[in-house]
Amino acid sequence: MSIYDSAENIRKKALKMALHAGKAGSHVGGSFSCLEILAVLYGVVMNYDLNNKGWEERDRFIASKAHCILTHYATLAEFGFIDEEALDSFHENDGLLAGHPMGTDIGMEFSGGSLGMGISLGIGMAVAAVCRKQKQCIYVLLGDGECNEGEVWEAFMSASQFHLSNLTVIIDYNNMQFDGANEEVMSVMPLEDKLKAFGWTAVSCDGHNIEDLQKAFSTEHDGKPLAIIAHTIKANGIEKYENTPESHHCAISENDYAEALKWMEQNHDRV
39 MSIYDSAENI RKKALKMALH AGKAGSHVGG SFSCLEILAV LYGVVMNYDL NNKGWEERDR
99 FIASKAHCIL THYATLAEFG FIDEEALDSF HENDGLLAGH PMGTDIGMEF SGGSLGMGIS
159 LGIGMAVAAV CRKQKQCIYV LLGDGECNEG EVWEAFMSAS QFHLSNLTVI IDYNNMQFDG
219 ANEEVMSVMP LEDKLKAFGW TAVSCDGHNI EDLQKAFSTE HDGKPLAIIA HTIKANGIEK
279 YENTPESHHC AISENDYAEA LKWMEQNHDR V
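All residue numbers for the sequence shown refer to our numbering, where the first residue is 39 and numbers rise by one.
Mixed in with the good hints, there may be bad ones.
[Unchecked claim] DSS-like, lysine-lysine: derived pairs with alpha carbons at most 27 Å apart:
no. : residue 1 : residue 2
1   : 51        : 234
2   : 262       : 173
3   : 91        : 61
4   : 50        : 278
5   : 61        : 173
6   : 232       : 54
7   : 278       : 262
8   : 61        : 278
9   : 253       : 278
10  : 234       : 278
11  : 300       : 50
12  : 171       : 91
13  : 300       : 54
14  : 253       : 232
15  : 173       : 234
16  : 262       : 61
17  : 91        : 50
18  : 51        : 61
19  : 51        : 232
20  : 278       : 232
21  : 253       : 50
22  : 51        : 173
23  : 171       : 262
24  : 50        : 61
[Said to hold, decoys possible] Beta-carbon label-pair distances, calculated as ranges:
no. : residue 1 : residue 2 : range
25  : 123       : 192       : 25 to 33 Å
26  : 168       : 132       : 36 to 44 Å
27  : 170       : 293       : 48 to 56 Å
28  : 222       : 61        : 27 to 35 Å
29  : 92        : 247       : 20 to 28 Å
30  : 139       : 261       : 33 to 41 Å
31  : 171       : 278       : 45 to 53 Å
32  : 89        : 232       : 37 to 45 Å
33  : 231       : 303       : 38 to 46 Å
34  : 293       : 218       : 47 to 55 Å
Simulated from the structure, these hints should not be mistaken for laboratory data.
For glycine and all other residues, C-beta sits at the position ideal for the given N, C-alpha and C.
Model the full structure from these sequences, guided by the hints.
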């Protein structure tokens with residue numbers, strides 16, 4: 039199965055979960071902006087062993103923007119960490135898949151919570167790997183709005199100070215956060231220039247283009263941490279909610295679901 043097929047499957051699974059959540063809603067916007075990022079990470083980039091999910095030298099993925107949960111769960115199901123039937127337990131009382139769960143048995147290293155925390159955890163893991171002379175890589179997904187947090191910039195300084203070339207941060211730059219457009223709330227641009235000034239290797243790419251993402255992940259960054267600024271569309275593929283702050287947490291109707299499936303058919307080569 040190609041990575042394009044996997045991305046399409048992940049989208050279908052995530053859409054079904056969003057519909058199943060009903061009026062309670064779910065974090066649609068930030069999940070569908072990072073869908074291709076997670077597909078490439080789990081399908082191409084990361085090193086792990088499904089027969090030994092707690093393998094000490096596995097690569098780690100930290101979803102610092104943990105509200106990308108629809109895509110994260112769907113990705114774990116697509117690549118065999120959890121059974122697809124488990125997705126039906128999303129938002130159910132006593133279900134396996136709660137809002138911010140944790141457990142290497144389901145492929146999750148971090149439960150999430152307040153934004154800004156994940157990159158610090160990732161740096162700790164990267165430092166520990168260096169100290170233990172282990173070869174695993176640490177991947178952290180940040181939101182662009184999350185980069186308003188001072189803790190994130192302290193972490194950026196620390197990562198370059200410790201020369202953490204085993205650390206890659208992906209910034210889901212969908213230019214929209216809960217309170218509105220980034221430029222209106224707190225712009226972090228020019229982000230690539232700032233990260234380079236902080237001692238990182240930084241590249242920008244189309245976060246919905248699988249080939250572009252693969253090229254970005256293969257960027258040489260000896261002696262430096264790597265930052266990938268992935269330009270994306272919030273709620274990508276769900277026309278009603280694209281590029282709106284309302285998509286941060288919203289309910290998907292039957293009509294929204296049907297329209298999103300139609301979008302997939304029209305954009306098959308892209309996803």
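Open item on the list: Check whether the Cα positions of residue 51 and residue 234 lie no farther apart than 27 Å.
Closed with: The hint is violated at about 37 Å.
TODO: With a cut-off of 27 Å on the C-alpha distance, tell me whether residue 51 and residue 61 pass.
DONE: Within the cut-off at roughly 18 Å; holds.
Open item on the list: Between the alpha carbons of residue 278 and residue 262, is the straight-line distance 27 Å or under?
Closed with: Measuring from Cα to Cα gives roughly 40 Å; hence the hint is violated.
Task: Holds or violated: residue 61 to residue 173, with C-alpha atoms at most 27 Å apart - done: Given pair residue 61, residue 173 is violated - Cα atoms ~45 Å apart, limit 27 Å.
Open item on the list: Next pair to validate is residue 51 with residue 173; report whether the Cα-Cα distance is within 27 Å.
Closed with: Cα-Cα ~32 Å, so violated.
Task: Pair hint residue 50 and residue 61, alpha-carbon separation not exceeding 27 Å - done: It holds: about 19 Å lies between the C-alpha atoms, which stays within 27 Å.
Task: Agreement of residue 300 and residue 50 with the hint, judged by alpha carbon distance not exceeding 27 Å - done: holds (11 Å)
TODO: Starting from residue 50, check that the Cα of residue 278 is at most 27 Å away, please.
DONE: holds (17 Å)
Open item on the list: So if I understand the rule, the pair passes when the alpha-carbon distance is 27 Å or less; does residue 262 with residue 61 pass?
Closed with: Violated - the C-alpha atoms of residue 61 and residue 262 are around 45 Å apart, more than 27 Å.
Task: CB-CB spacing for residue 278 and residue 171 relative to the 45 to 53 Å hint - done: Distance hint for residue 171, residue 278 holds at roughly 51 Å.
Task: Distance restraint between residue 91 and residue 61, which requires alpha-carbon spacing of 27 Å or less - done: violated (34 Å)
Task: Hinted pair residue 61 and residue 278, Cα distance within 27 Å - done: Holds, because 16 Å separates the two Cα atoms, which is no more than 27 Å.
Taken one by one, the earlier hints fail for this structure at numbers 1, 3, 5, 6, 7, 9, 10, 16, 19, 20, 22, 25, 29, 34, listed in ascending order.
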